[in-house]
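A.B. asks: Take the sequence shown: its letters are residues 1 to 226, numbered as in our numbering.
Rather than coming from a laboratory, the hints here were simulated on the basis of the structure. Even for Gly, the Cβ is constructed at its ideal location relative to N, Cα and C. Hints should not be assumed to be uniformly reliable.
Straight-line alpha carbon distances no greater than 25 angstroms define the calculated PhoX-like cross-link-like pairs of lysine-lysine that follow [stated by the list, open to error]:
id, residue 1, residue 2
1, K94, K133
2, K133, K69
3, K170, K133
4, K10, K133
5, K200, K163
6, K133, K200
7, K69, K10
8, K94, K69
9, K163, K10
10, K200, K170
11, K200, K69
12, K200, K10
Simulated DEER-style distance windows between Cβ atoms [what the hints assert, rightly or not]:
id, residue 1, residue 2, range
13, K10, E178, 43 to 53 angstroms
14, E110, L180, 40 to 50 angstroms
15, M1, R216, 23 to 33 angstroms
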Amino acid sequence: MCGIAGLVYKDSSRPCEPEIVTAMRDIASYRGPDDAGIHVDGNVGLGHRRLSIIDLGGGHQPMADAGRKLWIIFNGEIYNYREVRERLIALGRKFQTNSDTEVIIQAYAEYGDACVQHLNGMFAFAIWDTVQKSLFLARDRMGVKPLYYAETTEAFVFGSEIKSLFASGKITAQCREEALTEYLIFRQVAGSDTLFRGVKSLPPGCTMTVRDRQSRIARYWSPRPS
């Protein structure tokens with residue numbers, strides 16, 4: 001288990017504060033006791049807490065590609081990362097680590113949004129593209145790994161836990177009273193809504209792209225037959 005968190009100001013000229021990203025990251029420090037990191041690029045900040053499992057010495061996050069054009073934070077495990085890695089090497093991709101994290105970022109560089117189609121595992125990750133100025137988020141097919149987000153007029157915030165969103169100071173905790181009965185009966189709220197007003201969960205089998213003050217969700221997998 002790892003923890004991810006991030007913030008994107010809608011005003012591209014507004015610098016992201018490292019202390020806010022650190023607070024969002026560390027409020028869930030128990031998710032990753034082995035390592036921690038942040039990366040700030042203008043109006044964007046990414047934070048990560050790591051529980052080291054694969055490539056213990058080479059999997060520090062946020063991780064960049066060789067050209068430092070793509071930055072990733074990732075929670076989960078890619079079961080077929082060795083096979084995907086070999087296919088990418090055959091296509092000319094060069095690797096600096098043995099981590100499954102780098103396999104994701106190299107797959108994104110090669111396949112774009114379709115990278116998720118090549119991944120077998122449980123995952124929630126975010127990739128910041130410094131060239132396109134876009135944030136790409138993805139969640140595994142069955143939603144094993146959590147990924148929450150909130151949009152305000154000021155910023156887009158996301159994280160592995162809802163408390164990370166509140167730690168940003170961009171959204172306050174307000175209960176959706178209409179969902180309280182459902183939550184008390186089932187211990188969850190169906191769909192993308194949550195118990196908290198303004199906080200949503202990225203649905204399983206979906207990706208999300210945040211760019212130019214707009215966000216777009218796309219489904220890449222469904223258990224229902226086509």
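A.B. asks: All hints are to be evaluated individually against the structure, with a verdict given for each.
C.D. replies: Here is what the structure says about each hint:
1. K94 to K133: Distance of about 24 angstroms is within 25 angstroms: holds.
2. K133 to K69: Judged against 25 angstroms, a Cα distance of about 10 angstroms means the pair holds.
3. K170 to K133: Roughly 21 angstroms separates the two Cα atoms, so the pair holds.
4. K10 to K133: holds, 11 angstroms
5. K200 to K163: holds, 13 angstroms
6. K133 to K200: holds, 23 angstroms
7. K69 to K10: Given that 25 angstroms is the threshold and the Cα spacing comes to 20 angstroms, the pair holds.
8. K94 to K69: holds, 15 angstroms
9. K163 to K10: holds, 21 angstroms
10. K200 to K170: holds, 14 angstroms
11. K200 to K69: violated, 28 angstroms
12. K200 to K10: holds, 18 angstroms
13. K10 to E178: 43 to 53 angstroms: violated, 28 angstroms
14. E110 to L180: 40 to 50 angstroms: holds, 45 angstroms
15. M1 to R216: 23 to 33 angstroms: Given about 28 angstroms between the Cβ atoms, the range holds.
The structure does not agree with the numbered hints 11 and 13 stated previously, though it agrees with the rest.
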